[in-house]
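Student: Based on the sequences and whatever the hints tell you, model everything.
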Amino acid sequence: DTEVTQTPKHLVMGMTNKKSLKCEQHMGHRAMYWYKQKAKKPPELMFVYSYEKLSINESVPSRFSPECPNSSLLNLHLHALQPEDSALYLCASSQDSGGVRGETQYFGPGTRLLVL
Amino acid sequence: AQSVTQLDSHVSVSEGTPVLLRCNYSSSYSPSLFWYVQHPNKGLQLLLKYTSAATLVKGINGFEAEFKKSETSFHLTKPSAHMSDAAEYFCVVSDRAGLNSGYALNFGKGTSLLVTP
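Chains as they are written, first to last, in the numbering used here: chain S, 1 to 116; chain H, 1001 to 1117.
For each label pair, taking beta carbons as the anchor points, the in silico distance ranges come out as:
hint, chain 1, residue 1, chain 2, residue 2, range
1, H, Glu1066, S, Gly14, 45 to 55 Å
2, S, Ser59, H, Asn1041, 23 to 33 Å
3, H, Gly1062, S, Leu73, 28 to 38 Å
4, S, Ser59, H, Thr1077, 31 to 41 Å
5, H, Gly1062, S, Gln95, 24 to 34 Å
Just so you know, the hints here were simulated from the structure itself, not pulled from any lab data. For clarity, every value in this text was computed on a predicted model and none was experimentally measured. The beta carbon of each residue, even a glycine, is placed where N, CA and C say it ideally should be.
Tutor: The following block contains the structure:
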């Protein structure tokens, strides 16, 4: 089973709201990732967790706050977002530490976020 | 840093004809290369990957890609296009995310494949 699940599928929020995106995998993977994808663009890496510790933060604004409660779960907490943050948010996982060259990442279907 | 360039932003083919999506890479050492596909409003699915084993890599749904070091290319091909192949295709290279970081994926800008009846 190479499935990564994400909830919710769609989310509409105001600029003062607080919401969370959830990602789950049961493949025993130890690295998990958040990407942001704008329309007609490739995904952009936001965060990498390796063995439940944040290993990469690609200079993401603090209004995005990741959390990895355990090896199967990854959350992205959202607060005071801007309309330009509207995008598809993709979660991915990979088997090892995220530090292995050529490691395959498995992607979830994404959460489509609209900030009003 | 390693990078990939997808040479066509849009490719249009007729159903049943061959597909060629072009990708060139830039790398100072032997790269790890991937092709991912993204159907509308969906996540990304791995089609195939090259990690310095056989230069001709076979993937899912009849796709294959050939690693050519002399040409620094990793083009994606399929002998006969289906309507269901219409999607966005990304060529991707694995590269270090930072000086003391592990590897992350560097995506090309994508090629949109249109399949006409």
